[in-house]
Amino acid sequence: MTAPKTLYDKIWDAHVAHEDADGTTLLYIDRHLVHEVTSAQAFEGLRLAGRKVRAPEKTIAVPDHNVPTTLDRADPATMTEESRIQVNALDTNAKEFGVHYYPVSDVRQGIVHIVGPEQGWTLPGMTVVCGDSHTATHGAFGALAHGIGTSEVEHVLATQTLIQKKSLNMKVEITGHLKPGVTAKDVTMAVIGETGTGGGTGYVIEYCGTAIQDLSMEGRMTVCNMAIEGGARAGLIAPDEKTFEYCNGRPHAPKGAQWEAALAYWKTLFTDEGAHFDKVVTLKGEDIAPSVTWGTSPEDVLPITATVPHPTDFEGGKVAAAERAIEYMGLEPGQKLTDIKIDTVFIGSCTNGRIEDLRAAAGVLKGKKIADGMRAMIVPGSGLVRAQAEEEGLAEIFKEAGFEWRMAGCSMCLAMNPDQLSEGERCAATSNRNFEGRQGYKGRTHLVSPVMAAAAAVTGYLTDIRDFA
Amino acid sequence: MEKFETITGVAAPMPLVNIDTDMIIPKVFLKSIKRTGFGVNLFDEMRYNRDGSEIPDFVLNKPAYRNAEIIVAGDNFGCGSSREHAPWAIKDFGVRCVISTSFADIFFNNCFKNGILPIVLPQDQVDALMKDAEKGENARMTVDLVNQEITSSDGEKFSFEVDAFKKHCLIEGLDDIGLTMAKEASIDTFEAEAGALRPWV
Numbered sequence: 000m001t002a003p004k005t006l007y008d009k010i011w012d013a014h015v016a017h018e019d020a021d022g023t024t025l026l027y028i029d030r031h032l033v034h035e036v037t038s039a040q041a042f043e044g045l046r047l048a049g050r051k052v053r054a055p056e057k058t059i060a061v062p063d064h065n066v067p068t069t070l071d072r073a074d075p076a077t078m079t080e081e082s083r084i085q086v087n088a089l090d091t092n093a094k095e096f097g098v099h100y101y102p103v104s105d106v107r108q109g110i111v112h113i114v115g116p117e118q119g120w121t122l123p124g125m126t127v128v129c130g131d132s133h134t135a136t137h138g139a140f141g142a143l144a145h146g147i148g149t150s151e152v153e154h155v156l157a158t159q160t161l162i163q164k165k166s167l168n169m170k171v172e173i174t175g176h177l178k179p180g181v182t183a184k185d186v187t188m189a190v191i192g193e194t195g196t197g198g199g200t201g202y203v204i205e206y207c208g209t210a211i212q213d214l215s216m217e218g219r220m221t222v223c224n225m226a227i228e229g230g231a232r233a234g235l236i237a238p239d240e241k242t243f244e245y246c247n248g249r250p251h252a253p254k255g256a257q258w259e260a261a262l263a264y265w266k267t268l269f270t271d272e273g274a275h276f277d278k279v280v281t282l283k284g285e286d287i288a289p290s291v292t293w294g295t296s297p298e299d300v301l302p303i304t305a306t307v308p309h310p311t312d313f314e315g316g317k318v319a320a321a322e323r324a325i326e327y328m329g330l331e332p333g334q335k336l337t338d339i340k341i342d343t344v345f346i347g348s349c350t351n352g353r354i355e356d357l358r359a360a361a362g363v364l365k366g367k368k369i370a371d372g373m374r375a376m377i378v379p380g381s382g383l384v385r386a387q388a389e390e391e392g393l394a395e396i397f398k399e400a401g402f403e404w405r406m407a408g409c410s411m412c413l414a415m416n417p418d419q420l421s422e423g424e425r426c427a428a429t430s431n432r433n434f435e436g437r438q439g440y441k442g443r444t445h446l447v448s449p450v451m452a453a454a455a456a457v458t459g460y461l462t463d464i465r466d467f468a
Numbered sequence: 000m001e002k003f004e005t006i007t008g009v010a011a012p013m014p015l016v017n018i019d020t021d022m023i024i025p026k027v028f029l030k031s032i033k034r035t036g037f038g039v040n041l042f043d044e045m046r047y048n049r050d051g052s053e054i055p056d057f058v059l060n061k062p063a064y065r066n067a068e069i070i071v072a073g074d075n076f077g078c079g080s081s082r083e084h085a086p087w088a089i090k091d092f093g094v095r096c097v098i099s100t101s102f103a104d105i106f107f108n109n110c111f112k113n114g115i116l117p118i119v120l121p122q123d124q125v126d127a128l129m130k131d132a133e134k135g136e137n138a139r140m141t142v143d144l145v146n147q148e149i150t151s152s153d154g155e156k157f158s159f160e161v162d163a164f165k166k167h168c169l170i171e172g173l174d175d176i177g178l179t180m181a182k183e184a185s186i187d188t189f190e191a192e193a194g195a196l197r198p199w200v
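Read top to bottom, the protein sequences are chains A and B. Position 177 of the first sequence, counted from 1, bears residue number 176 in numbering that gives the first Met the number 0, the numbering being contiguous throughout. Position 162 of the second sequence, counted from 1, bears residue number 161 in numbering that gives the first Met the number 0, the numbering being contiguous throughout.
Bear in mind the hints are in silico, worked out from the structure with no lab data behind them. It should be emphasised that the depicted structure is a prediction, and the values quoted were computed from it without experimental measurement. Glycine is no exception: its CB is placed at the ideal position from the N, C-alpha and C atoms. Fair warning: there could be bad hints in the mix.
Lysine-lysine pairs mimicking DSSO-like chemistry, simulated, CA-CA at most 30 angstroms apart [stated by the list, open to error]:
1. Lys182/B / Lys165/B
2. Lys2/B / Lys165/A
3. Lys266/A / Lys283/A
4. Lys165/B / Lys441/A
5. Lys164/A / Lys165/B
6. Lys441/A / Lys30/B
7. Lys278/A / Lys94/A
8. Lys2/B / Lys182/B
9. Lys9/A / Lys340/A
10. Lys94/A / Lys182/B
11. Lys4/A / Lys182/B
12. Lys130/B / Lys156/B
13. Lys241/A / Lys283/A
14. Lys165/A / Lys165/B
15. Lys182/B / Lys278/A
16. Lys165/A / Lys4/A
17. Lys51/A / Lys156/B
18. Lys340/A / Lys367/A
19. Lys51/A / Lys166/B
20. Lys90/B / Lys164/A
21. Lys241/A / Lys165/A
22. Lys182/B / Lys441/A
23. Lys9/A / Lys178/A
24. Lys365/A / Lys241/A
25. Lys90/B / Lys51/A
26. Lys254/A / Lys170/A
27. Lys130/B / Lys165/A
28. Lys170/A / Lys165/B
29. Lys156/B / Lys182/B
Just some of the chain B residues that point at chain A, by a computed CB distance under 8 angstroms [stated by the list, open to error]:
30. Pro25
31. Tyr64
32. Cys78
33. Ser80
34. Arg82
35. Gln147
36. Leu173
37. Asp175
38. Thr179
Whenever a hint applies, use it, and build me the whole structure from the sequences.
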């Protein structure tokens, strides 16, 4: 009998193409997702070396980081010269190397981590990589998914493998059930608050427990998306009936007899009883509150009922970092988080740009107006999410509330396109990073869930969704 | 890839924790489709005012550190985005080695693909080297990858761990893709077997 294995062990073992005596492994990659910002140099490297893409049928490209999200984006003048060069380079490379491609003009275009699952490219038990740290998102399907650098993008394009050493196993269990107003975003932020941004370094996290099982696929993607913010190589959730139902019928999911074979295999993808975890973190679902970040690292997170901390609350190098963050964010220690006034609200990103996120925001915004002077935008994660939101009447709710209703892309999550904060502008954002300058030079970001962002847009302040009527 | 055996140079102290890749190279510089030329924008928002003038207090603008070849940094260096532009900028500036208590995973891997050596040491040793780096341009450290040893400006020695395969690639300046291509038969075999087991992939 073989030793009990974790879900990560099982997926790893099923993808070892070669292993050296020291554990250095060639890990086979089932799906390679590509976007415009981290791929141009990799394709150029192939060209210079006279190499081909080994498995173009397993390679999927979509522009997302740079693309404008305004309605007039078909007009090339909406892009800067540099952005246009980068998007055009992806166009050319996708055609020349023969990979699957969703151009800006295709309704299926969107954020690469939303398009992959939506089109059925991402399936349980796969290895998925992309030159983007939020590739962790795909772990929600019980796929081993992580970000890579451009040299590794080139390596995967050329060989369909990565040179890897196995990570350690970490279990994050959320017991019980979440209370009303608490979402998947609050769960993933609470975990980072517990472990710190370096707490997952060297590990692959498996999220489990009843509160995780309760989540929809969209919510599970939100949780896994931010595994990287906790330093982990990847986050995983064991596939179950919800996963299978989500995958069934997607354009690139298996059909007929292949579906049945796949399903039988997917049902073996769980952590065996007694399998070893190198680190275990347990949180009670009932203890998690709607959360918000006050500083410039995702670990600077607190329940919305808290106050801005004092630098002396911390130890070591974190004291100076907290001082710097409080100054950068223009806050005072002891200030109530709900007293922080917001200029801008951004709802979107690979963390919270899916249909369920938009439904949740619309539930808060229905019949309401955004505060005077508030700038608010909703950027759907894909063209299909956008179309569905229009069909369900959500777009009308957003527009009536005073939100801008945009086209799909990464947008203000990283502000590589024209969607940026100005100096000192304060934003409640459903994205994943509150780093200095992330959303624009000297811009100030507070990370929140979609319902908290919607509530802030209405009141003009960071708001406890549980008190919002 | 440029080989790395031993370097001797000035080390810049950057004690801030959680220095992320957005700080190392802000996104406005990610629009280039080349791998070079990023050094001038390394740490751009910490290093320059909006009008392009230098911020004199920033460590790499101080006369002693303008030609630094080593950075001694706070915990969790390189966290955030996977952008390889971060190590490209560090290398292009002239830094070949970063020393910290911990690094983010993707950044750590990216360094080795670009001839940069990231070294992990315990807190007390990083603190000692940080102090040494704060002495300025007379404090030149030596990083010897072959013998896995750092020598501070006053001769104190610190040994460090490094993955044997990664060390070999750095010292020889080896190209990963070339190495993997030599194992193509294993990949072919795996692909055939996995394709039979999981034909839907």
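*Hint numbers contradicted by this structure*: Of the numbered hints given earlier, those the structure breaks are 4, 7, 9, 15, 17, 22, 23, 26, 27, 29, 31, 35 and 36, listed in rising order.
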